Every structure is written in C-alpha cells, then in structure tokens.
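This is what each chain is made of:
Number of protein chains: 4
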Amino acid sequence: MRLIHCHFNFRSSPSCLPKTAKIVGNWQVLPIGLHPQAVEKCQTAYTFATGEEMALLLKTRDRFAHKGIFGHALIAGGSKGKMGAMVLAARSCMRSGVGLLSVQVPASGNDILQISIPEAMTIPDEGENIITSIQIAQKIDAVGIGCGMGTSPETAQALHQLLQSCDKPMVIDADALNILAQHPEWMKLIPANSILTPHPAEFDRLAGKSASGYEQLEKARAFAITHKVTVVLKGAYTAVINTAGEVSFNSTGNPGMATAGSGDTLTGILVALQAQGYSAFDAARLGVFLHGMAGDIAARTLAFEGITAGEIIAHLGVAFNELKNCISHKNSLI
Amino acid sequence: MRLIHCHFNFRSSPSCLPKTAKIVGNWQVLPIGLHPQAVEKCQTAYTFATGEEMALLLKTRDRFAHKGIFGHALIAGGSKGKMGAMVLAARSCMRSGVGLLSVQVPASGNDILQISIPEAMTIPDEGENIITSIQIAQKIDAVGIGCGMGTSPETAQALHQLLQSCDKPMVIDADALNILAQHPEWMKLIPANSILTPHPAEFDRLAGKSASGYEQLEKARAFAITHKVTVVLKGAYTAVINTAGEVSFNSTGNPGMATAGSGDTLTGILVALQAQGYSAFDAARLGVFLHGMAGDIAARTLAFEGITAGEIIAHLGVAFNELKNCISHKNSLI
Amino acid sequence: MRLIHCHFNFRSSPSCLPKTAKIVGNWQVLPIGLHPQAVEKCQTAYTFATGEEMALLLKTRDRFAHKGIFGHALIAGGSKGKMGAMVLAARSCMRSGVGLLSVQVPASGNDILQISIPEAMTIPDEGENIITSIQIAQKIDAVGIGCGMGTSPETAQALHQLLQSCDKPMVIDADALNILAQHPEWMKLIPANSILTPHPAEFDRLAGKSASGYEQLEKARAFAITHKVTVVLKGAYTAVINTAGEVSFNSTGNPGMATAGSGDTLTGILVALQAQGYSAFDAARLGVFLHGMAGDIAARTLAFEGITAGEIIAHLGVAFNELKNCISHKNSLI
Amino acid sequence: MRLIHCHFNFRSSPSCLPKTAKIVGNWQVLPIGLHPQAVEKCQTAYTFATGEEMALLLKTRDRFAHKGIFGHALIAGGSKGKMGAMVLAARSCMRSGVGLLSVQVPASGNDILQISIPEAMTIPDEGENIITSIQIAQKIDAVGIGCGMGTSPETAQALHQLLQSCDKPMVIDADALNILAQHPEWMKLIPANSILTPHPAEFDRLAGKSASGYEQLEKARAFAITHKVTVVLKGAYTAVINTAGEVSFNSTGNPGMATAGSGDTLTGILVALQAQGYSAFDAARLGVFLHGMAGDIAARTLAFEGITAGEIIAHLGVAFNELKNCISHKNSLI
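Residue numbers (my numbering), protein chains in the order written: chain E, 1116 to 1449; chain X, 1116 to 1449; chain S, 1116 to 1449; chain H, 1116 to 1449.
If you are wondering where the hints come from, they were derived from the structure by calculation, not from laboratory data.
One thing to keep in mind: the hints can contain errors.
Note that identical chains are pooled: a pair holds if it fits in a single copy or bridges any two copies.
Said to hold, decoys possible - Simulated pairs of lysine-lysine, DSSO-like, Cα-Cα distance not exceeding 30 Å: (1) Lys1334 <-> Lys1156; (2) Lys1334 <-> Lys1254; (3) Lys1254 <-> Lys1324; (4) Lys1174 <-> Lys1343; (5) Lys1324 <-> Lys1182; (6) Lys1254 <-> Lys1195; (7) Lys1303 <-> Lys1324; (8) Lys1195 <-> Lys1343; (9) Lys1182 <-> Lys1195; (10) Lys1254 <-> Lys1182; (11) Lys1334 <-> Lys1182; (12) Lys1156 <-> Lys1182; (13) Lys1156 <-> Lys1343.
Everything numeric in this text was worked out from a predicted model, so none of it was measured.
Excised from the complex, chain E in its bound form (with noise of 0.2 Å):
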C-alpha cells in the first residue's frame, strides 16, 4: 500500500516511528476515495505492508520439487553462553520452507544444536569456545551470519574471510553488524542480494548517532543506497529499505517480541528465503511480515508476556497458513 500521506508530509506526521508517534495515536488506513490510478501514478519512496501485497510475494511449489530447489542454507554463529541464539536460529530457519540446513558452531556447541534441531546438520568450527574460521566446502544457497557469535578478533578475522571466499547472499546480524561497524571497509565485502538487520543501537554503530527516528530513517536509506544492501531497521513498525531506498514499513508484530532471541528468529527467517530464491527485499519484506504474524498469533493465546522466542517459532507455520489466505478471490484467480 503506497503511503501518498507520508509522501507528502511524512516528517510532519511519521506515525511509525517512535518519537512523534505518541502525538499521533492510534491509527488506521483507510480508503479515502482517490482514484486508483492516482494513487499509482503518485511517486512515494514509502509502503506500508499488508498481507495481500505480501501473500503474493509467496512462491508457490510444484508437486515434484525436491529438496535441493528450496535450497542449502548455512547459519554460523554462537559463542560459549549464547550458543542458543544459534538454536533458534536453526529452528526457524527449518520452519521457513527451506530445503537444507548446515549449522557451523563453536567445537562446544556441537551436541548442544544436535540435540536441539536434529533437522540440522552441524560443522564444528575449530574454536572450542568461538568461531574462528567459516569455510564453505559444499554447495550453499545462502548464509546466516552473526547471533551469539561475538566480537573476538579471531571471529572478526572469521568474518572477513568469509566475505572475501562466499558471494552468496547473506543476512548479516547482531555481532557481525557490531564486527563491520569497526571494519567500515569490509562493507564494499559484502555479497549482492544481501541483507543487514539492524536494531537501531547497531545501526547507530554503523552509521553514527540520529538525532531522530526520522534522521536515522533517511540514513538507511542512504546506507542502503551506497552499500547496496537492503537494511532491515528493526522497531515497531520495522523499515524494510531497498538498494533504490524504497521502503517498506512493516504492519504486523507486537511488544510481546521484544523478548531475547526474538532477532535470532527473524535470521532464520530470511536466510530460509534467501535459500529459497527469494531476492533480499522480497525475502525481507515478507520474512519481517511473517515473524510479526507469528508474534500475534502466539500472543492470542500467550498474551504478550508469555511470547517468547521459541513460541515465535512454533507458531511459524501457522503464520504461513495464515498469510496464504490473505490473497483474495481477486488475486487467487490470477
């Protein structure tokens, strides 16, 4: 749904962004009578996401796939104490319609992610207690990089040598964002189609203080632009901007997913797509869609306390389900 409003006067009345929208309340989008044709021929860098617009980003599957069309992903990550971020990551990852997952961990996180997803495959990393080497032998579709994984220099070495040796795309999060915002060189490193999750402390690391949620919009938009990455901004309405600084505000989610892991998950998520074919914006736009779904289904029952990173996960397939039918009759003929 293009946002003609915020194209027209966005700073003054930026309702999805944290500072000014208390001023703003609560609020809908409704038809106002505008001609479609003016809407569309209206110019506007901002949409606002809705599950139509987004089921119809779903691929759909032949009956005589196979595993190796929905792909190899590879998720490295995890330090000694956070080798659950790498758990979650992996589950989500597997819940995401992805085809095969090779996890690669710390040498002590092993039997920690064999026990806790036997879907995945797991590659010990020489470091017992950190990644200190990510090599890809096999064939892989994509890579998940960053959760748990911390900031040791042996790990940021880890992390430059794969962006030199792999030109899959990747989504890149947490510590690897901390990483590349002390090495700002290695960002021209960074494969096409690729993905940054940011939430806005880590963007802040990357490209300096805002002053305001709306200074720090323009900012990823301009990163986006000159890194071509597509930037993930984390919040409540997360900003999903293109490499042509178009964005995409996010409409679904909940306060009960500020819950730790809950950023491992949408990792999983998008790298789960990425594998899949997906481009990075369409993989982005509907990955951040489909987290926040499962968010509100889960906390239909589990209210917002009770949602935690894990039950994000578990209510994954669901939000598929869910989303699928949103296309309407209209569309579902096409």
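Here the structure of chain E is known, so what remains is to put chains X, S and H in place on it, guided by the hints.
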C-alpha cells in the same frame, strides 16, 4: 479486597491459615451490603487479592517498546544434581515478559541450561559443581538467587559478595534463605525493593520457630518491617507482606502445585516482573497470583496429580491472558 | 467387581489369560440379576477392577497440603545405553503426584537426566556406566529400582546392600527382578509393602516355568503369599495380587502399549503412589489402571502403532482427571 | 487401484513422473464405468495406492500381544555433525508400532540419542565420530542402515561386515546406498525381503544415469528384479517396486516434505514395519503412504513451508488413525 472481618477478629477466624482452616471449612467472600466508603475507611492490614485488583497492577505495553524496556534479569544458582531448578526458574522467567535473561550456573551445568532454554544466555561459574562467585559485569535490572544452589561455604561467600556489590532488586529463595539464616548479619545488605520467598520451614530458620501459623504470620510482618524486605510466606493462601507489614493473601493455586520445582518457577516469575520495573510488592502479589492461576489452569486438564513445575510454566502465558480478562468493563474504561 | 463366574469355573473359562482367551473371544461384564447381597457373600479371590472402584481408592488433596505430604521418592537404575528407561520412569513419577523425586543413575547418565526431567534431582553414582552403590542419605518414602539397570555383579551387590539397609516400600522391576531370580535368598530382605512387577518371562525366572497362564497365575498367588509382596503380573489383563493371594485383574490398556519403556513408565507411577502413602495393593491396582487408561486415551488420537512410552506419560494427567469422573453420583455424596 | 490407462500408454502419459507431468497438469482418478471384472483381468505392472487398499494391508493387533510380537529393530548410522538423522529415524521408528528399538551410533552420539529419544536403547560404536563395526549381539528382527552415516572406508567396511553376517530384512538408505554404488559386488549380500530407498540422484549412482524419469523407472524395475530387492524410488509420486518389477505409485505427500531429514523419517517407519513382520513390499507401500499422509496432515495447519521432519513424525500416529478410517463399510465387515 479488604478483609475487614479479619481485621476485627482475624485471630479467632484465620481462614487463610492451615491449623484453623479445617475448623472453618470451605468459605467464600460475599458482599454483605456494607457501604463502599465504610469499607474504604475501615483500617486493616489484611487484604485478599482478587483477579480484578491484580489485573489493574499489570503494566500496559507500548507498541514501540524494545527489549531494553523489559529489563535484563540475572538468575544465579544450581549445583551438581540440582541444575533442573535453574532450568525451571529460567523458563518461567522467559515466559513472564522479561526482555533479556542471563543465567549463572556451575560450569558443569552450562550445557544443560543451553540445551533446555535457548532464549537465555549462560555465564558458567568457575566452580565445576557449585557457585563460587557472582560477578555482575553488565547492566542488570534484577537478580534471582538461591534455586538449587546448596549451602557450601564457597557458595555462601558468593552470596555475601553479591549482597555487598549489587544494589539491584533481588528475589532471594531456597538455599540463599538458608544461608541467610546462618548469617543473619547479612540481612542488612539486602538491596531495597527485594523479595524473600520462604516456605514455613525456611522462615522458621530465618526467624525462629513459631507456635502457630498466626504467630508465624505476625513474625513475618515484623520481619518485613524490620528488614525492609517484601516477604512471600508460601502456603495454601500465600501471604505477601510489604515493608509496612501489610498482608495480601493470595487467592489462586491448588494442592497439585505442591510439587518439586514449583518454588523455582515462582522465583523466575518474580525476577521477571522486577526486571520490568514492578515494585517489590506489586511483583510479589502479581507473580504469586499468576503462578497460582497457571496451576489452576493446568489442573483443569491434568488433575492435581498430573501438575508438574513444567506444566505450571507451560500455562503461564494463558494465565497472563486470563488475568487481563479479569478487568471489569468499568475499570477497562479508566 | 467380584468375578463369581471365575470363582466357580475360572480354570475352564479364564477369559483374562492369553492362551484360552482366543477361544472365548470378546466378552463384556453384564449384570445378570443376582441379588447384591448374594454377590457379596460369595467368596472369590478374583476381582475385576472397574473405574468407579479405582476412583474410590484415590486420596483427596487437602488445600493446605505441601510437598512433604506427597512424599519423596527415589528411583535408582540405568546403565550405559539404557538411561532412557530412567528418564521415562522419572517423568511418569513426576506426573503421578509425587512431592519430590531423586534419581540415582550412573555418572555418565547425570546430564541426560538433568536435561530430560528438570523437576527431578539427580544423584550420580560413583560408577561411570553402571550402578555400584545405592545410599539413602535423606528421608525417602518409597524406592523404585531396576529400570535399565543391567545385572552386572557390582549392580547386584548394590541391590543387595539396598535391600539390607532400607525398609521403605519398594517397586522392584526389570533387571532388579532378574538379579533377584539369581539370588532367591535375597527375597526375604524385601521391605514390607513392596511391589514386584514382572512380565511373564521375568516371573518364570523368579518362580520357574509354568505350563500355562493359569498355572503361572496360581504360582504368582502362592509367591505373593510366601514372600509377602504385592505382585503385578503383567499381561493384557494385568493381575495385581496382594499378600493374601487375592487377584485384581486390570481392565484398561491396549496392545499399543506393548512398546519399549512402557514398563518403566509403570514403575514411575507406582513409586509415586507409594510415596504418597498408598498401600502396596492400592498403589498397584490404581497405578496399573491409570497406566492403561493413559494408553487408552493416547490411542484415541494416535492409534496403537503411534503410542510410545512418552505418549503414555503425556496422557497421565488426563487419565487422573477422567478417573475422578468415574465416581458415580451416589458415591460422590459419600 | 490398477492403472490400466498407464498400462496401455504409460509412456505417452506418465502423469506420475516429473518431466511430463507439467504437460498433463492436475489430474484425478475417476471411475469410467468399466466392469470390475474387466479391470481385474487387465494385466498391468502399475498400480496407484489408495487409502483403502493400504488400510487393508494393516495388521490388526491382538489384545494379548506383547513387545516381542512387534519386533526388535536395529538402526545404525550417524556421524559427527549428522547424528540428527539418527534421532529422526529412531523417533519415527518408535511411532510406527515397533516393540523395541536399539540404535547404534558413533560414541560421540550416544548421549545425543539418549537425550532425544529415551524409548530407544543405544549401542555406542567404538568409533568416536563414525560407525566402524556393526555387531548384532541379540535377537533382531529388522535393520535400518545408512542415515547420516558418511562413506568413510571404515564405515564401508562396517556395512560390508553387516551384509555378510546378518540375514534379517534391511532398509538400506542414504550413505549406505552411496557405499553400495561404490561396491556393486556387495549387492548380492543384501538379505531377502530388504528395501532400498534411493532418491533419483542416489539411484543414478547405483544404476547409472537415465535420460528420463521413465527410463529411470524402467531401470529401477529391472534393478529390483535382478537384485531381488524392493526399491522405493522417491519422488512426488514415489514408486514402490517389488522383486517382480511391479510398481505401486504412492498417492500421498506434498512438496512441503522436501525438507531435511524427511528421508530419515521414512527409513524409521519402514524398519518398524519390517520388524512387525510386514513383507518388504507391504512395508514399503504402507510406510511410504503413511509418511506422505503424516505430511499431508501436518500441512493442514503448518503450510508446506512449516513442515519439518519432526512435524512429520509428530503426525504419524494420527496418520495411522486416519488410515484405519479409510476402510469402507464393505471391507470392514470382511
């Protein structure tokens, strides 16, 4: 709800206390036509927690909230053979709305925790099988201490050190209470806004034997005033006592909750609420109420015998949801 | 329900025994108009356990009950490769109303148990892969012994030592029965109020081969009288035999329960009931009935093939609930 | 159901094969009024498995059955990083009606299996990270081999040794097939009543590349006849081929099942059915049908993307139940 009757002759009719309740039999609280203002004016130290009163204590969640707002809790404890107590406390904490959770366990418990509760970060103690030192390296908003911890001298020292160095609200439970009973001089180190959660035998160790439940209750009131702590004196009608000596009897729960780990589960809930900024008295009243409610919901399908601590945790989200529905139409308009 | 027909010609029509049941085919128990007093007067050693009779055995739970009232059980057993038997026994014990549970396993099994059943405390044996010594350090109310334990000489010695030093009611199962078969002189050490749970092959080892199911049943009655133990002779209609030689045939269960670990699950239930103060005969009749009921409930959704020991455990709480509903209006007024 | 149409012009209309199916589009099997006897007389090597036909293959369970009757299965496999394949195979085996299950894994996988599937007994291999020797010490009724096993020389030798020493029906899957492709001379050692479960790429390794799906199917028929094995050639319509070259196309399943571990799950089902005494062809047809049905049931709530191997396993019991309901009134009277 104000217990006026209790105010006038609580001693002769303590329907919330075990020894005399048998004589009273089953009872219900019914309106007897007193004028609301008359009830308000009547002074009493005893109240009976109703669902609607507890629901009104719940903080609402802002759409733009993030993990930081819901706090970072630390739970420390466990020992060889009793790591499960920490698993239960960590799981219930995550299901009670906390933003982030770190768990410190003896080194041999690290993987047990990582496998059992991936949403929590772990901090392995230098002690292989017991807690020997609790250092708070990062920003923490509340601390839970004592579950399955044992009372070895090294662990007692770790508790002493923690009390000396940390000024955050704490939930002090189980073996931490037993250590305090051996070192009454450490009581003065307990930070403001902390909660102690003794069952009757643990309270006897802290404050000496009582001849009756009523005497114990009065001792607990004096104890709470003297030591400026909120006391959760566990029982069929758990008494939550604030630093002014006011008592709120809990009205939820059932005898199926007299099961291993039930107390650890309560500790996790309380520290989660403290980390979210609830005062000690509000956290204690709400947490005890929700804990009992989760057990009551579990009992609907599992009978008393089938309730385990894990099932209490599994029903916590639904309890939050049902509690929110306790708000009457009148109050929801406020 | 008194099996009068069985009393008169049980041998010629043993519908509860495998070899002859095929000739009998399906059968039901129906009233044939006998006067209740006539039925009462008629002496028979055989009864058929009905839901209502079993429900009347259930103890009610006092609102003011605490963990101590429901007892502290100890289950010892397990060996390298068979720790799962202990996991299943511990899980079913926790779901059958016990207050506290300690589990002793070989040292290499400690973490397996801690991860699998956090509600239980563990006591690692000094033996790495087998049980070598069972010391009862604290107050224990009932002991379960034998699941997955093996029959090595050190383990046999540990059983001998336990029988010599502990006078609490025991559930003796599986390899503990096989060890007893090799050391019949230890039978006299079995504490009062204990239960032995052999399947037919295990009972043959204890008491010698029988030519028929009927002969085995009569041998089991003599065995129970001689050794003053309650015998649970497992089968399609498990026979629970008290120390007076009276037989209660169980009426629940299905062939889907002939699955690995089903017996370990029963052991956990029985020791939980003993710890709560049920007599051996009541614990055995109730436990066998509930175990079968849980399997029957599981079969409603999972078919016989889909039942696992874990699914029996998962349905135990519902079985307790359904059993309570078996009490007719007449009896519920008593 | 006899595929007469396929018989006459299967080559020109192979709606069950990937390359040509796209041209055919969606299709259903409908009665066209042929006389049943005419259909019976018509000779065809191709049948299409319907629910009712599969349901009639199911063995009924005698009330007096015990664990021994349902067999003792052994599954061997796994390697460092791929122990999860064994977890999945073991779990699905236990949920498919087997009496007892032993699982042999490399030593480093022992605890992973014990924690993940307590119903199974484990046999740790002497190899730390790979299988090096498979000894069958006790009575075993069926063997599953290959899941996550790798193809190292020691493991290949272990397979060779197993084939030489064991005459029980086997399910040979995954890396065991890849080893066989390297050692075609071992094919003659495969015991009678065994099942091979290649996906198309694995079958190419066994029998050489095929120019089309139809050619591959014909090669597989020849292969099954020559080597006297039942072949499960996996695909959208999995072809189950018996030792006479007869083909039963499976009619269940969906593209959500093209997910990691789906094949391991099938192996577990097949070996469970073999252990229960099903012939290789019946086990293969029933197992493939139930596997697909479980996936179809999972898809109702989870969408294709949300299906994991674990979810297929979780729905197996319900699949058995639904399959039993496929028997029409007419046949249920037989």
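Check your understanding: Does the structure break any of the earlier hints, and which numbers would those be?
Key -> 8, 12
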